[in-house]
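K.L.:
Below are the chains, spelled out letter by letter.
Number of protein chains: 4
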Amino acid sequence: MRFEPADPSFAERTRASFARQGIMDHLGARLEKVEPGRVEISLAFRPELSQQHGFFHAGVLATIADSAGGYAGFTLFPADSGVLTVEFKLHLLAAADGERARAVGEVIRSGRTLTVCRLDAFVEKAGRSTHCATGTQTLMTLVGRAGVKD
Amino acid sequence: MRFEPADPSFAERTRASFARQGIMDHLGARLEKVEPGRVEISLAFRPELSQQHGFFHAGVLATIADSAGGYAGFTLFPADSGVLTVEFKLHLLAAADGERARAVGEVIRSGRTLTVCRLDAFVEKAGRSTHCATGTQTLMTLVGRAGVKD
Amino acid sequence: MRFEPADPSFAERTRASFARQGIMDHLGARLEKVEPGRVEISLAFRPELSQQHGFFHAGVLATIADSAGGYAGFTLFPADSGVLTVEFKLHLLAAADGERARAVGEVIRSGRTLTVCRLDAFVEKAGRSTHCATGTQTLMTLVGRAGVKD
Amino acid sequence: MRFEPADPSFAERTRASFARQGIMDHLGARLEKVEPGRVEISLAFRPELSQQHGFFHAGVLATIADSAGGYAGFTLFPADSGVLTVEFKLHLLAAADGERARAVGEVIRSGRTLTVCRLDAFVEKAGRSTHCATGTQTLMTLVGRAGVKD
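Protein chains in written order, with our numbering: chain A, -13 to 136; chain B, -13 to 136; chain C, -13 to 136; chain D, -13 to 136.
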């Protein structure tokens, strides 16, 4: 799908908002790609991100996937609007055993009030990528809420 | 619902597994209650856990909710079995604006292979609790996988 | 939860809208209860409603559950507004083997634009009720769309 | 994705099972395509399939989407095994206003016990196709259950 961003400064706004998410820095997440309707976030493995078997915790994947989807939607929103996650679902397809995780959010449907995204996460180990999570997400565009513009 | 745990040492096993989840310590999460089919996890707010508006990030709530549900199921599993999240969904009902978050996982259906849990999250601010997230989760019992017993 | 309906004629409007859903009559579904934020629909088993093992098809449960949730939300909407399902998820907890199915929709969160409901379905067989499905649903209130008022 | 069916008679078994789903005939649904890991079902509009605005009811789309996904998974299952829907989620992306609906189920992950599918539904009106629903589904392979082989 091809999307036309409503605000030409969508990438700067997205990067600025990402920088305000304290959890991204705390996890070590990086905003890799910001395209109209598509965002990628990556994360290097550390024991601080693990579940009990030493793999990425599903919630850590959910965190970067939720932000990837939220910002994918945000790239298409008007200037001075904010983004809110309404709900999301994630299937864990394979053990998230890897040196690096990557989350991709992509807009499926872009509406005035609601946006639907697909979320995917991959882990890379010894040069091989495994699709470890997939799901969907509903976002809401917030317009005219005092002070909310990301 | 009342559940009878298959393993009388369910609470010790759950606490030991929780202690191995590196992300729980990294977020500052605490295992508050471990009952048959029901687990509570709490988390104090810090700027390191925030999204762009300064509230708890939805992924942080998802992380403690996923573990609360996973361990709620795990309390009913046989000894020497492990737990795996198959999928979960979370609705964000209200801004997670608070000094503390609390996630509750409760078993709805306990099966030999699959378990279904309800997930809820609350934030507390100035003594008032707000129901900020709800959802459901499917878990799988892993039996006889080498080395997997939590 | 207690909800105060915005429109005192909520029950009449709900019953009139239900009567316009052609599929309800085609399945044989009946609107059993209409309360503020809570609706029940029932359905007698017929071979025409079955999946391959002779039980209620999951989609048939989803159909009455979706309408039960949609109308549960609708009871709280302003007059002259319409209801739209944004998304729903359903877990199949047990074989839907029974003489009768019953779906219950209950509002968890009632907002100006979005409403979240819990969906449950039960089957009755030889006087015994089994909880066979559970899930959640997001609804949208449609205001000011030409001709849409249910 | 390319999948290798475990049972060369997968298409015959799928068609025979579909023919036993009473609801498919009651709705007027047809099994259009049966490929390894991918199944399509179509349905002509009738007022008996409608919600209150005269479009396909979301539950009707869910019914054909659930069967499309279930049979997509089933095409890859061993002979003498059965299929069970564990859960599914569906987003309604656009009004299902059309003369015909089409549901596509596609396997994303094929496992020994669990299979994950993507579900999509489209409506056709005046020669134009609209993507009206999307979602995901978890299936379980039933092996060695007396009498269950579809």
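Hints listed in this document are in silico derivations from the structure and should not be mistaken for laboratory results.
Just so you know, not all the hints are guaranteed correct.
Listed below are several chain A residues computed to face chain B (Cβ distance under 7 Å; list not exhaustive) [claimed, not checked]:
1) Met(-13)
2) Glu(-10)
3) Gly8
Mimicking DMTMM-like on lysine to aspartate or glutamate, the simulated pairs with C-alpha atoms at most 25 Å apart in a straight line are [to be verified]:
4) B/Lys19 with A/Glu34
5) C/Lys135 with C/Glu(-10)
6) C/Lys135 with C/Asp83
7) C/Lys19 with D/Glu34
8) B/Lys135 with A/Asp11
9) A/Lys111 with A/Asp83
10) A/Lys135 with B/Glu85
11) A/Lys135 with B/Asp83
12) D/Lys135 with C/Glu(-10)
13) C/Lys135 with D/Glu34
14) D/Lys135 with C/Asp66
15) D/Lys111 with D/Asp66
16) C/Lys135 with D/Asp83
17) D/Lys19 with C/Glu34
18) C/Lys135 with D/Asp(-7)
A virtual CB, placed ideally from N, CA and C, is assigned to each residue, including glycine.
K.L.:
So which of the earlier hints does this model not fit?
P.N.:
Per hint list: 1, 2, 6, 8, 12, 14, 15 and 18 violated.
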